[in-house]
Amino acid sequence: MATAKLAVIAPAAAERRPAFGRWPGVLALLPFFAVLLAFCLVPAAWVLISSKPADGGMWYANFAEILSSPFYRQAFGNSLDVSLWSSLAGLVIAVVGVASLRRVPGRLRSAAVAFTNMSSNLSGVPLAFAFIILLGTNGTLTLILRHWGWIDDAHLYSLNGLILIYAYFQIPLGVLVLYPAFDALDDDWQHAASQLGAGPFSYWWHVGLPVLAPALAGTFILLFANAMGAYASAFALTAGNVNLVTIRIASLVAGDIFLQPDLAAALAVLLMALLALVTAVNHWLLNRSYRGD
Amino acid sequence: MATERYHRGVVYLLVVLLALPVLGTLIYSLSERWDATVLPHGLTLHWYTTLWLDDRFLMAFWHSLVVCLGTLLLSTILIVPAVFAIHYYFPRLDRWMNILILLPFAVPPVVSSVGLLSLYADGPISLVGTPWILLGCYFTIALPFMYRMLSDSLRVINVRELVDAAHLLGASTPRAFWAVILPGLRKGLLASLFISFSFLFGEFVFANMLVGTRYETLQVYLYNMRNASGHFTSALVMSYFIFTFALTWMAMRISRQERT
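As given, the protein sequences belong to chains A and B, one line each in that order.
To convert, note that position 59 of the first sequence is 59 in the working numbering; the numbers rise steadily by one, no gaps.
The working numbering runs 293 ahead of the 1-based position in the second sequence.
Pulled out of the complex, with its shape left as it was, chain A reads as follows (with noise of 0.2 Å):
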């Protein structure tokens, strides 16, 4: 009995669908669509149409200032300086540390990934408080360093100071990425590499970095992209007194003493620009290297 009732309905179910067609479907992502769109989509495009001079002028008369203006291209070179090298730093710290990270038992293992997770929290505003009250002209740590007299006086109000806190922030984002990616490494193949007679350094040097090296790569280019965006803790730090280009087109929108919304716009853009060029070149690079030198 339950199978020919079955039988019967099955047809009119398999029918059900056609009549409606995709439309649910289409009407579902409709609002998604919308919100997408409106906040995020249509922004991006305003900030590619408004980067031309709003008193007139040819469309590259923006970039033409930024590009030769000392003062722009100050804030290009002091945000390329702090993610290079905080990019570096936590790039490396985070490969020294994964690897040891894979070796050790493994609830030291877990704990440690659970901390590194919450730690990655520890961005922006907050970061920027803490650091000043642990390295500020105060700071708990300047008080404990002066008195041994490692140092004279701190530092922390100046780029060095912000490759600092950037590389913290990257440490934790490095770690999460470049776990997983670990995987590619097979454990025989450093047993093997000892039986040759091949030291840890020899064994990283010619087979675990180069197996990385397109994971390293990439982890780089998300940490220095994370880096160029950032905003909140140089300016929390500094309260905009630091020449970056980001601090620069927030205080040409948003600042209090004149606005020129055309002028960020065009900012914004080079800076897209900037992003777009790196993760090609890094591409480039990489289909380079794999198509075998």
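One or more hints might be untrue.
[What the hints assert, rightly or not] Taking lysine to any residue pairs in the SDA-like style, the calculated list, with each CA pair at most 20 Å apart, reads:
#, chain 1, residue 1, chain 2, residue 2
1, A, K52, A, L274
2, A, K52, B, L412
3, B, K480, B, A544
4, A, K52, A, S68
5, B, K480, B, I450
6, A, K52, B, L410
[Stated by the list, open to error] Label-pair distances were calculated between CB atoms; the ranges are:
#, chain 1, residue 1, chain 2, residue 2, range
7, B, L362, A, E65, 41 to 47 Å
8, A, E65, B, M543, 38 to 44 Å
9, A, R73, B, M543, 44 to 50 Å
10, A, L209, B, L306, 18 to 24 Å
11, A, S110, B, L351, 47 to 53 Å
12, B, L306, A, A64, 46 to 52 Å
[Claimed, not checked] To spell it out: a stretch of chain B is covered by chain A in this simulated footprint if at least three of its residues, at any positions, have a beta carbon under 8 Å from a beta carbon of chain A; those stretches are:
#, region
13, 316-323
14, 341-347
15, 389-401
16, 405-415
17, 440-449
These are computed hints drawn from the structure, not numbers from a lab.
If you're wondering where the values come from, they're calculated on a predicted model, not measured in any experiment.
Each residue gets a CB set at the ideal place from its N, CA and C atoms; glycine is no exception.
Following the hints, put chain B in place on chain A, whose structure we already have.
For chain B alone, kept in the frame of chain A given last:
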């Protein structure tokens, strides 16, 4: 063994390095004075009681909760049906969606703020200065996490066969979605909501640039308190940490349960 000791040493060093700012802030927030001497003076909860009795702090905390929970509600309403529609009606679009949802990652908040400020400052849709604009912006922040986690959950449960089976038993598509697909998404949804919450709770750029003190959230309040006593801001930072740490911990527990 020497190598084992080395690896343990590196892991401990990493943890200490990451814990240093947290520990420093914690001790500072609990001490009466710590300005000239190597060790802090006196233990006190004074800074925490001052903070938790401050009306402006409680208001900012409330604002943050409203904006974050509102965003999560909006995101759930928009993303869950969209993920289902992609998997059930347009499986071929899945590849494109995975690229599309990464776009908010590629555009730093400072950059999109430039566009948002000129689009929604005045004119027909005037949202700048109201919490409503944060709902939309925070949706784009939560989107990559929520979409990926929900999409992964759906891939595991084989949507098409389940819904077709429900049709066979006489259920309509909405009913099949509600009774068959949604329960399977519950854990993935919960984990992604916790993760998104801790991200949104820490958001500063949109909140400060688009709304500022007109609807002060916790992060903006924190920034505006930068000239208060360091002990007070430490207590504020620690209260924020402990709250987000608890949330992240719950998210990790839920996603671990799901895997086993």
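Against the range 38 to 44 Å, how does the distance between the Cβ atoms of E65 (chain A) and M543 (chain B) compare: consistent or not? violated, 50 Å
Chain A covers the region 316-323 of chain B, three or more CB atoms within 8 Å, holds or violated: Three-residue rule met by the region 316-323 of chain B, so holds; n is 4.
Check the following: the C-beta atoms of L362 (chain B) and E65 (chain A) are separated by a distance inside 41 to 47 Å. holds, 44 Å
Per the coverage rule (Cβ-Cβ under 8 Å, at least three residues), is the region 405-415 of chain B covered by chain A? holds (count 8)
Regarding the pair K480 (chain B) and A544 (chain B), is the alpha-carbon distance no greater than 20 Å? Holds. K480 (chain B) to A544 (chain B) sits at ~10 Å (cutoff 20 Å).
For the pair L306 (chain B) and A64 (chain A), does the Cβ-Cβ distance stay inside 46 to 52 Å? holds, 49 Å
18 to 24 Å was suggested as the range; check whether the CB atoms of L209 (chain A) and L306 (chain B) agree with it. Holds - the Cβ-Cβ distance for L209 (chain A) and L306 (chain B), about 21 Å, lies within 18 to 24 Å.
Residues of the region 440-449 of chain B with Cβ under 8 Å from chain A, three needed, outcome: violated (count 0)
Sort out whether L410 (chain B) lies within 20 Å of K52 (chain A), counting only the CA atoms. The hint holds at about 17 Å.
Quick check on a hinted range of 44 to 50 Å for R73 (chain A) and M543 (chain B), using CB atoms only. holds, 47 Å
Assessment of proposed distance window 47 to 53 Å (beta carbons of S110 (chain A), L351 (chain B)): Violated, since S110 (chain A) and L351 (chain B) (Cβ atoms, about 36 Å apart) do not stay within the stated range.
Verify this for me: three or more residues of the region 389-401 of chain B with a beta carbon less than 8 Å from a beta carbon of chain A. Answer holds; 6 residues pass the 8 Å Cβ test.
In this structure, the hints that do not hold are numbers 8, 11, 14 and 17, in rising order.
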